[in-house]
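2 protein chains.
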Amino acid sequence: MNLPLGYRYAATYAGIRKVENDDLALIVSAMPAAAAAVFTRNQVRAAPVVLAERHLKAGKGQAGAILVNAGNANCATRTGMEVAQETCRAAAQHLRLPVTQVLPASTGVIGVEMDARKITRALPRLAASLSESAFDAVAAAIMTTDLVPKTAFAETGGVRIAGMTKGSGMIQPNMATTLGFVMTDALLDATVLAGILSRQNELSFSRLSVDGDTSTNDTLILLANGASGQKPKPKVFEEAVGDVLQSLAQQIARDGEGAKKFVTIEVAGAKTDADAVRIARAIANSALVKTAIAGADPNWGRVLSAAGNSGVAFDPAKADIDMQGLPVCRNGLAAKFSEKALSKKLAAAECLIRFTLQGKGKGTARFWTCDLTHGYIEINASYRT
Amino acid sequence: MNLPLGYRYAATYAGIRKVENDDLALIVSAMPAAAAAVFTRNQVRAAPVVLAERHLKAGKGQAGAILVNAGNANCATRTGMEVAQETCRAAAQHLRLPVTQVLPASTGVIGVEMDARKITRALPRLAASLSESAFDAVAAAIMTTDLVPKTAFAETGGVRIAGMTKGSGMIQPNMATTLGFVMTDALLDATVLAGILSRQNELSFSRLSVDGDTSTNDTLILLANGASGQKPKPKVFEEAVGDVLQSLAQQIARDGEGAKKFVTIEVAGAKTDADAVRIARAIANSALVKTAIAGADPNWGRVLSAAGNSGVAFDPAKADIDMQGLPVCRNGLAAKFSEKALSKKLAAAECLIRFTLQGKGKGTARFWTCDLTHGYIEINASYRT
Numbered sequence: 001m002n003l004p005l006g007y008r009y010a011a012t013y014a015g016i017r018k019v020e021n022d023d024l025a026l027i028v029s030a031m032p033a034a035a036a037a038v039f040t041r042n043q044v045r046a047a048p049v050v051l052a053e054r055h056l057k058a059g060k061g062q063a064g065a066i067l068v069n070a071g072n073a074n075c076a077t078r079t080g081m082e083v084a085q086e087t088c089r090a091a092a093q094h095l096r097l098p099v100t101q102v103l104p105a106s107t108g109v110i111g112v113e114m115d116a117r118k119i120t121r122a123l124p125r126l127a128a129s130l131s132e133s134a135f136d137a138v139a140a141a142i143m144t145t146d147l148v149p150k151t152a153f154a155e156t157g158g159v160r161i162a163g164m165t166k167g168s169g170m171i172q173p174n175m176a177t178t179l180g181f182v183m184t185d186a187l188l189d190a191t192v193l194a195g196i197l198s199r200q201n202e203l204s205f206s207r208l209s210v211d212g213d214t215s216t217n218d219t220l221i222l223l224a225n226g227a228s229g230q231k232p233k234p235k236v237f238e239e240a241v242g243d244v245l246q247s248l249a250q251q252i253a254r255d256g257e258g259a260k261k262f263v264t265i266e267v268a269g270a271k272t273d274a275d276a277v278r279i280a281r282a283i284a285n286s287a288l289v290k291t292a293i294a295g296a297d298p299n300w301g302r303v304l305s306a307a308g309n310s311g312v313a314f315d316p317a318k319a320d321i322d323m324q325g326l327p328v329c330r331n332g333l334a335a336k337f338s339e340k341a342l343s344k345k346l347a348a349a350e351c352l353i354r355f356t357l358q359g360k361g362k363g364t365a366r367f368w369t370c371d372l373t374h375g376y377i378e379i380n381a382s383y384r385t
Numbered sequence: 001m002n003l004p005l006g007y008r009y010a011a012t013y014a015g016i017r018k019v020e021n022d023d024l025a026l027i028v029s030a031m032p033a034a035a036a037a038v039f040t041r042n043q044v045r046a047a048p049v050v051l052a053e054r055h056l057k058a059g060k061g062q063a064g065a066i067l068v069n070a071g072n073a074n075c076a077t078r079t080g081m082e083v084a085q086e087t088c089r090a091a092a093q094h095l096r097l098p099v100t101q102v103l104p105a106s107t108g109v110i111g112v113e114m115d116a117r118k119i120t121r122a123l124p125r126l127a128a129s130l131s132e133s134a135f136d137a138v139a140a141a142i143m144t145t146d147l148v149p150k151t152a153f154a155e156t157g158g159v160r161i162a163g164m165t166k167g168s169g170m171i172q173p174n175m176a177t178t179l180g181f182v183m184t185d186a187l188l189d190a191t192v193l194a195g196i197l198s199r200q201n202e203l204s205f206s207r208l209s210v211d212g213d214t215s216t217n218d219t220l221i222l223l224a225n226g227a228s229g230q231k232p233k234p235k236v237f238e239e240a241v242g243d244v245l246q247s248l249a250q251q252i253a254r255d256g257e258g259a260k261k262f263v264t265i266e267v268a269g270a271k272t273d274a275d276a277v278r279i280a281r282a283i284a285n286s287a288l289v290k291t292a293i294a295g296a297d298p299n300w301g302r303v304l305s306a307a308g309n310s311g312v313a314f315d316p317a318k319a320d321i322d323m324q325g326l327p328v329c330r331n332g333l334a335a336k337f338s339e340k341a342l343s344k345k346l347a348a349a350e351c352l353i354r355f356t357l358q359g360k361g362k363g364t365a366r367f368w369t370c371d372l373t374h375g376y377i378e379i380n381a382s383y384r385t
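Protein sequence lines, in the order shown, are assigned to chains A and B. Residue numbers are given in this note's numbering: position 272 of the first sequence equals residue 272, and the series is strictly consecutive. Residue numbers are given in this note's numbering: position 57 of the second sequence equals residue 57, and the series is strictly consecutive.
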């Protein structure tokens, strides 16, 4: 897959996390890029989230670099804003950019002071090692409890799109995911870019939940530097961006903490898409549905009950549920199915739950999550220790 | 503890559940009792919930008996309403009551047809064995995944109150818990009783979550048969009812599926009590907070982040958090504390998290939950199989 033109990448170990894996990275555009971003809706927002938003505004939708670290969220920290500002300033100097063109992002533990010097000391070697081919190294450096790096690519009408994301727990992005960066060499202005990101985020990261917890650091950035010289057809280009974002969001669900199964929830027949999303989210966030999936138990009653708790009004007698393509509930009642055969199908690594309301409703949604297993408990009972 | 006068109880094994533990029970008042009830807010409501509400209305707030079974929720069943009606009719005949004075309640698996004959066949021996002392037998018969029966008692001004409840998973009662029955021999009219139940339910069962899933069968019934001949002082009596309900709700959290720790969340300084409850509920339902507690990890950042997701607007810089009485966060930042010492304290069987917003807000809430452990996964990955 060809990477977008005009971007360079670098990653290094700056000593922010204990394990000696890269934890600091730079993404740099050769020319100012149009930039759009969406951020967490959590009331508690990390310093880099606040600063990135401020820079984006001050830079009038133009950005030249993303400075990102893992191992420390720089959230609920006394020196958080200073550290974010100081490290952005240092990066801007090394890259000869206005400071507002550096967008910061952090992920990791909350409430631990971050040492700016670890970053400023690493910056010279980081800047010196920038290369067009280190895309994967950055995707690896932003991982926390992730087991695998997550990237997605597209190419359409002479422009290239390359995205990366991270995330495994504290995942119910309400705007974006914990961290996601998408670069393209298409020529687009920032307003158009913001519209594309907003719409496509709604259909990707906003349709994802691992554990129902929205993080304090969610940041999704889309950069378009125009290096290809091509103005793509808006519709086709937006679709390609959507494909990349959906692939990234799905990869997070697949790598959800402790996840053994990737679960897709499809809802149809709701009054509106928003209603369909609410139902899908309620099903995805039900601990009882997620543990039933882990146990390959076709317990559709839990799916119906979870939908009933979504806050969306519907008539249970008009609810149909399918699992792995088999009807398990019709008109709110048990359909005839072989429990043994379905249980076998549910043992697969991918599960599909369809919830359909009979009638004229046109609202639909696709939503992604994972099962809830011992692995999740294992990881989260001892995250910091 | 003295039981309220004028009630008789019976329990038997009717073959509804596989394990040969009692699964059918009767609570009968010697005289028509004023009755009040609150039911689940889930859109999906089991037949006995619908019928109990209908009977209560038709009986103008008077009831003579509660007919309850475990092992089958009689929810999302083709024959659900018929079964509920037929079994209530049979009970009414045996007890010589108008059918509207029999309140049905069911708990167990959803979506499996219930065989009315199992209940009607057991009713003669059940009615024949009614006794004033079988209160505990009924409390045991309504258990599902519960490890222990849950009862609470009070006595005030010459009247007695005795309550029982069941519940361990699918617990986030939004009105009531899965099943709760409280009997008193106080002399009260149904309207007064309804007010007491509504207010005290708000402060007890509505402040409880094990896994964030509201069941389809939640039913909490309060009976007052006047057998004591005493009209208690309203305020004192309501307090006693509140004590019983709070004790029952707390017992459910203590016995939450897989729970090793009982967790109390106290919120203060919110604008309103309702805001405080929302913040407390968000903390209680965070899988990340619950696993941190399981791991005795003083990860207050997760508490702050969960509060930030509650939908209640607040300034994180004015948030204080205490765990086990020790300050862990002040002004939204880490307080100085010994992680080792606190981790030791968090290994206790009871945990207290206090979340306080500085300022003039008078809104407070107490909320109960439990930790999230391997046991929860174990139980719920194989509930039906």
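Be aware that a few hints might be false.
It does not matter which identical chain is used: a pair holds within one copy or between any two.
[Said to hold, decoys possible] Quick list of in silico lysine-lysine cross-link-like pairs, BS3-like style, CA-CA up to 25 Å:
#1 Lys57 to Lys344
#2 Lys18 to Lys344
#3 Lys271 to Lys18
#4 Lys260 to Lys231
#5 Lys235 to Lys340
#6 Lys118 to Lys260
#7 Lys18 to Lys60
#8 Lys271 to Lys344
#9 Lys271 to Lys318
#10 Lys336 to Lys60
#11 Lys60 to Lys233
#12 Lys340 to Lys18
These aren't lab readings, by the way, just hints derived from the structure by calculation. In this text the structure is predicted, and so the values were computed from the model without any measurement.
Right, here's what the structure says about each hint:
{"no.": "1", "hint": "Lys57 to Lys344", "in the structure": "neither (53 Å within a copy, 46 Å between copies)"}
{"no.": "2", "hint": "Lys18 to Lys344", "in the structure": "between (42 Å within a copy, 23 Å between copies)"}
{"no.": "3", "hint": "Lys271 to Lys18", "in the structure": "neither (50 Å within a copy, 41 Å between copies)"}
{"no.": "4", "hint": "Lys260 to Lys231", "in the structure": "neither (42 Å within a copy, 59 Å between copies)"}
{"no.": "5", "hint": "Lys235 to Lys340", "in the structure": "neither (45 Å within a copy, 56 Å between copies)"}
{"no.": "6", "hint": "Lys118 to Lys260", "in the structure": "neither (36 Å within a copy, 40 Å between copies)"}
{"no.": "7", "hint": "Lys18 to Lys60", "in the structure": "neither (37 Å within a copy, 67 Å between copies)"}
{"no.": "8", "hint": "Lys271 to Lys344", "in the structure": "neither (34 Å within a copy, 51 Å between copies)"}
{"no.": "9", "hint": "Lys271 to Lys318", "in the structure": "within (13 Å within a copy, 40 Å between copies)"}
{"no.": "10", "hint": "Lys336 to Lys60", "in the structure": "neither (59 Å within a copy, 41 Å between copies)"}
{"no.": "11", "hint": "Lys60 to Lys233", "in the structure": "within (24 Å within a copy, 68 Å between copies)"}
{"no.": "12", "hint": "Lys340 to Lys18", "in the structure": "between (47 Å within a copy, 19 Å between copies)"}
Hints 1, 3, 4, 5, 6, 7, 8, 10 from the earlier list are contradicted by this structure; the remaining hints agree with it.
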